[in-house]
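Use the sequences and the hints to build the structure in full.
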Amino acid sequence: MKKNPHITLLLLAALLFLSASCGREKTAEPAPAALDTIPVLVSDVRQCSRLYTSEYRIHKIVTHSDQMKLEGTVMRHSFSVNLPVGERRIAIPMTAVLKAYVDLGGFSEDNVRRQGRKITILLPDPRFVLTATKIDHKGVRQYVALTRRNFSDAELTGYGRQGREQIIGSIPQMNLIETARASAARQIVPLVKALGYREEDITVTFRRKFSLNDIRSLIDNQTIEKRYEEDVQ
Amino acid sequence: MKKTYNSLADLFGSFGRMVWAVVAAVVLLGVGIGILVWLNRDNHAGVTVEQRIDITPTQLQQIRDIGQWEFLAVSDEELVDTVRRGFLSDAELVRIYYGTLRLGIDFSKASRHWFRVEGDSVVVAQLPPVRLLDTDFIDEARTRSFFEKGDWTAADREQLYQRAYRKMLARCMTKENLHAAEENAHREVEKLLKSLFRGEVRMRAAASPGSSQEGRGQRGAGK
Chain A
1 MKKNPHITLL LLAALLFLSA SCGREKTAEP APAALDTIPV LVSDVRQCSR
51 LYTSEYRIHK IVTHSDQMKL EGTVMRHSFS VNLPVGERRI AIPMTAVLKA
101 YVDLGGFSED NVRRQGRKIT ILLPDPRFVL TATKIDHKGV RQYVALTRRN
151 FSDAELTGYG RQGREQIIGS IPQMNLIETA RASAARQIVP LVKALGYREE
201 DITVTFRRKF SLNDIRSLID NQTIEKRYEE DVQ
Chain B
1 MKKTYNSLAD LFGSFGRMVW AVVAAVVLLG VGIGILVWLN RDNHAGVTVE
51 QRIDITPTQL QQIRDIGQWE FLAVSDEELV DTVRRGFLSD AELVRIYYGT
101 LRLGIDFSKA SRHWFRVEGD SVVVAQLPPV RLLDTDFIDE ARTRSFFEKG
151 DWTAADREQL YQRAYRKMLA RCMTKENLHA AEENAHREVE KLLKSLFRGE
201 VRMRAAASPG SSQEGRGQRG AGK
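Protein sequence lines correspond, in order, to chains A and B. Start counting the first sequence at 1; every next residue gets the next number (the working numbering). Start counting the second sequence at 1; every next residue gets the next number (the working numbering).
Simulated from the structure, these hints should not be mistaken for laboratory data. Here a beta-carbon is modelled for each residue, glycine too, at the ideal position from N, C-alpha and C. Be aware that one or more of the hints could be misleading.
[What the hints assert, rightly or not] List time: in silico BS3-like cross-link candidates among lysine-lysine, alpha-carbon distance up to 27 Å:
1. Lys138(A) - Lys149(B)
2. Lys149(B) - Lys134(A)
3. Lys193(A) - Lys118(A)
4. Lys109(B) - Lys193(A)
5. Lys138(A) - Lys167(B)
6. Lys167(B) - Lys109(B)
7. Lys118(A) - Lys194(B)
8. Lys193(A) - Lys194(B)
9. Lys118(A) - Lys191(B)
10. Lys194(B) - Lys109(B)
11. Lys191(B) - Lys109(B)
12. Lys134(A) - Lys167(B)
13. Lys109(B) - Lys134(A)
14. Lys175(B) - Lys191(B)
15. Lys193(A) - Lys191(B)
16. Lys109(B) - Lys175(B)
[As the list claims (entries may be wrong)] What the simulated footprint calls covered on chain A by chain B, stretch by stretch (three residues with Cβ under 8 Å from a Cβ of chain B suffice, anywhere in the stretch; the number is not a length):
17. 89–99
18. 156–168
This is the structure:
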């Protein structure tokens, strides 16, 4: 039987078209799922046992002033020229709440020594944590030259974060350790007294001697929790 | 007047001097350009604005004793936005707030007699209700600006803060979290009392379980 070349070509073309269209159907990507517009939320639940013993309210006015400058280097000579386009100034009052606590999570009989009627309690090292900060929005004062743009929200939050870092950095100079250890003892002693011990028989002890160098070396701006150590006899 | 050369050597000698002069000029020009390029290789210029804040004093305003025993901490982030419709375009502000809600027992607000010693050998403890320890739980200075379009006032930012505050309360002050805090309180208090007291320790259920939420939003949006 003689084959007609035209019919063969037509059949091949139809086959190619069909296979291409079938393949497209098979490989077609599914329609993208609708995006969830609910805000991304993260919450972290942590069980703990912390006895907060003292609270410190801190006030700070964050100030910032900026001047636009043309800065650069020409022929290996640096230059910096103030541009006459005006200045911006801002003052942001903020308060912070700092708390001292002892972590009782690991407290056990190993922390208690008894000698007759006397009892000695070895408390964990006191720590400090910044529990809250609040910006006084009504108290914010700013001056912006006509030629400059207003402070952006990103700039304002950036100044707030820098102010927070300054507060954390100034904790060692506040000499809070004395009040923290005394306050911890004031919280623990009545509890032990109520269990039948006399006040003069109760001794509250912290782990080791505290020094200013300890504070400086133990400051960690990432965790915001500050750890201080001291002996109390 | 046409210059005549006595010999072929004179012709090439004169031509050679010209070539050397041109080569020397080219080399000098190259060296000059090289020196200029080297001197200007670090050239740059730009408009800068200082973003650091000034160093200002930090004042310790108040110190007070507290007796708050925390048993559950819920750290939360809330994305809060606001939109203001405009004639030509809308203004929008989106911020991310951070906060930690601390649940526990505030002994300054609880009865002093939450435990008692019976017969010198038994301690009976009935825990005060677990509540939100502090209504200040947002770390506003950590707030991040996510998106801003248009101008916004201090009042707008305060409103966003209040909305974040209410959202955090609603999300974290749940029955499950309060229950988890109460259970942990039961465990931890019993452990401490057993460490301090040689006799038997009997724990009783919290004074009034339903009252655990009395600390909820005491200040809240009214701040």
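Consistency of the hints with the structure:
no.	hint	verdict
1	Lys138(A) - Lys149(B)	holds, 21 Å
2	Lys149(B) - Lys134(A)	holds, 24 Å
3	Lys193(A) - Lys118(A)	holds, 11 Å
4	Lys109(B) - Lys193(A)	holds, 20 Å
5	Lys138(A) - Lys167(B)	holds, 22 Å
6	Lys167(B) - Lys109(B)	holds, 26 Å
7	Lys118(A) - Lys194(B)	holds, 17 Å
8	Lys193(A) - Lys194(B)	holds, 15 Å
9	Lys118(A) - Lys191(B)	holds, 21 Å
10	Lys194(B) - Lys109(B)	holds, 24 Å
11	Lys191(B) - Lys109(B)	holds, 22 Å
12	Lys134(A) - Lys167(B)	holds, 17 Å
13	Lys109(B) - Lys134(A)	holds, 24 Å
14	Lys175(B) - Lys191(B)	holds, 24 Å
15	Lys193(A) - Lys191(B)	holds, 17 Å
16	Lys109(B) - Lys175(B)	holds, 21 Å
17	89–99	holds (count 5)
18	156–168	holds (count 11)
Checked against the numbered hints given earlier, this structure breaks none of them.
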